[in-house]
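Residue numbers (the numbering used here), protein chains in the order written: chain A, 1 to 281; chain B, 1 to 281; chain C, 1 to 281.
Everything labelled a hint here was simulated from the structure, so no lab data went into it. Where hints are given, some of them may not hold.
Just so you know, same-sequence chains aren't split out, so a pair can sit in one copy or run between any two.
[Stated by the list, open to error] Dumping the calculated SDA-like pairs for lysine to any residue here, alpha-carbon to alpha-carbon at most 20 Å:
1) K260 x R78
2) K133 x A88
3) K260 x G73
4) K260 x P42
5) K260 x D77
6) K260 x P72
7) K260 x S148
8) K111 x L132
9) K260 x G12
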Amino acid sequence: MPGVITFLTDFGQEDAYVAAMKGVTLGIAPAATLVDISHSVPAQDVLAAAYLLGIACPYFPRGTVHIAVVDPGVGTDRRALLLETPHALFLAPDNGALSYVVDAYLDEREKNVTVPPVLPPPLRLCSLPAALKAYALTHSQLFRQPVSQTFHGRDIFAPVAAHLANGLAPDAVGPRVEAVHAFVLPRPYAAGADTTVGAVMHVDHFGNLITNLSAADLPPGRVQIVIGGHRIPEVSVAYQHGGQLLAIIGSSGYLEIATKNGSAAELTGLGRWAEVTAHNA
Amino acid sequence: MPGVITFLTDFGQEDAYVAAMKGVTLGIAPAATLVDISHSVPAQDVLAAAYLLGIACPYFPRGTVHIAVVDPGVGTDRRALLLETPHALFLAPDNGALSYVVDAYLDEREKNVTVPPVLPPPLRLCSLPAALKAYALTHSQLFRQPVSQTFHGRDIFAPVAAHLANGLAPDAVGPRVEAVHAFVLPRPYAAGADTTVGAVMHVDHFGNLITNLSAADLPPGRVQIVIGGHRIPEVSVAYQHGGQLLAIIGSSGYLEIATKNGSAAELTGLGRWAEVTAHNA
Amino acid sequence: MPGVITFLTDFGQEDAYVAAMKGVTLGIAPAATLVDISHSVPAQDVLAAAYLLGIACPYFPRGTVHIAVVDPGVGTDRRALLLETPHALFLAPDNGALSYVVDAYLDEREKNVTVPPVLPPPLRLCSLPAALKAYALTHSQLFRQPVSQTFHGRDIFAPVAAHLANGLAPDAVGPRVEAVHAFVLPRPYAAGADTTVGAVMHVDHFGNLITNLSAADLPPGRVQIVIGGHRIPEVSVAYQHGGQLLAIIGSSGYLEIATKNGSAAELTGLGRWAEVTAHNA
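Extracted from the complex, chain A is given alone in its bound form (with noise of 0.2 Å):
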């Protein structure tokens, strides 16, 4: 039975291409149930795009198939992708768009680090962790033709999700690949014994900022929250507590400053790659 297709772009809400996409799907896997995870990215930010992948993909069945196409290169030799995971296939341009979903099978060790992040994060040629597989698309009998210059999701990634969740294997897309381009994420990093320093990866709708400091992060104990010359005494459990700032850990494990009934981002003026420390109080 096929499954489930999401669609994740930065083609905004006015125009037909998410359209396009969706009608060059279901003409091939007509009981494909599809799902948007956004299409409000930032025009041409892959690395946001990267990061709500990273996020939502967890929450989908086992076998879902994910197009990620934010794609200012498309039309240059920019490759595209499949990705195979335990959990769930990923077509994308070769980009840095997989950044997260490579990322949470990188080994542990490899994220303990001591220095501070490049930021913005910088774009890397990476190998992949042994429990992915990677394929370039180049079997063109599965695109729709003829495929256009700008607009590879409709010609390129659809019509290939629609066949792989139709039951194509992932070998039958083209070539393995063995290292994929990814942006090199910002870890947190120990600055002392009590100290952990980390960044915000992301501003929410609400203004809530999104950290990479993840509860395991935290030092141990009472923990004082520190982020553009605001001190936060403790960590929260409710939108309803804590003080006019408060920090939290959210609903993907990571600590995010928010503030009752409004925006944090607003009220701190900060954004993405904004510093936040973590110490023991």
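Take the given structure of chain A and dock chains B and C to it, following the hints.
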């Protein structure tokens, strides 16, 4: 056969929150049909969500499961509810989001008032009309584990909705509750024999000012509408009729103030809670 | 098996109007697949809806039922139409929303013109090409009752679409009509042997200026594009190529003016109906 599950939130379009809810739902009820009501409810505006849910739900098939998550109190001890009506099932925090759904089952006599309403509407604990049953969501084996502190839409409401769509009996979600929180909705009131006073309940995408005056609330005979100092000499039957500012019975049966090819909200500077009066002309 | 039903409106994301249409549809055709084309058409901009519908519909499976509701004339005596093409079914008010769908079936010779178009395009009554059939929606037993004055999308178009998706014959909706309203679409015209003059038809989410010049309309050989005083020396094959302002054949086969990682509309200050010329360089 699993049926329809709807989603109504204040999560916006730019994050992956709605997608995470849908992914969880499809993992449990893969054949359910998922429909968005809206995700553009103003942040934390429970009453706006309640209004949209009340307006939309009559048009869905019998047995539809509706999820409404505008949830500033997530993580506190506010209850999570299932409301069962003769037509559908509703899942929401116990914060007033079900006010209009409950209101549709109140005895008409309870709605006859002669005093101006308190605005914005206060929240109160409200006994359920006889036709309705409510349950507290407490049977945590139905939830996604671990349950986060900040996202019960994904961890509680979505999986419970999926189980209900699969045929789970409503009373399997937790114990009956006899009263739920509901907003005291503003009623039109008579101000003399020939005048009814109402209020704007919603401003729609077109800038139409939608009131709480139904056709039955209007005085008999030719009716004149007054709003914010504007006098509208009659009730029209099409947006293309009438003057610059016109009054018409809208698609939910309520009087709305509109302008031909423009926004009445912009033209008048009026919004939610603005007073509107209907006079026998 | 019920197939695909698409929805295109100017209803926006913040109300429950689209959801009400979908609810009605699912009550009649519970197994239909519902797809949004867009709900962000500028309010009452019928021509913009016509454009998007024309762009999107070729990518949907044969037999898809498309609903396009941008309907400032709702409640007046404007007709409601079903248009049957060899590929799909289209439901819309008779207000020009089907202009591009009809245009795709016009004899190419009718499109050869040598005079500048009238802009914005006027609406006229247009005889149907032989491949097409149209019907007036008059068989009210197919409608949701009572039919409101202001929302035929929910009360007429949605239930009729669902019945058609269930297999209802097109001629069961009402009597044949021989002519429908369509906009006189602007054609590219020759201005001498080496120059073709076109116009911008749409500005997309990225700020790309999409014209009505197809690859076939361009003069042979190397082509230079001029728009708003900007001279673009050639037609590129990728957004990453070319200069600050570039020209490229876009995903629907039409020349578009774009900028690398930015908005051409913003850069040039140009929009819909702006003149563009293609010269043999």
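Those earlier numbered hints the structure runs against, lowest number first: none
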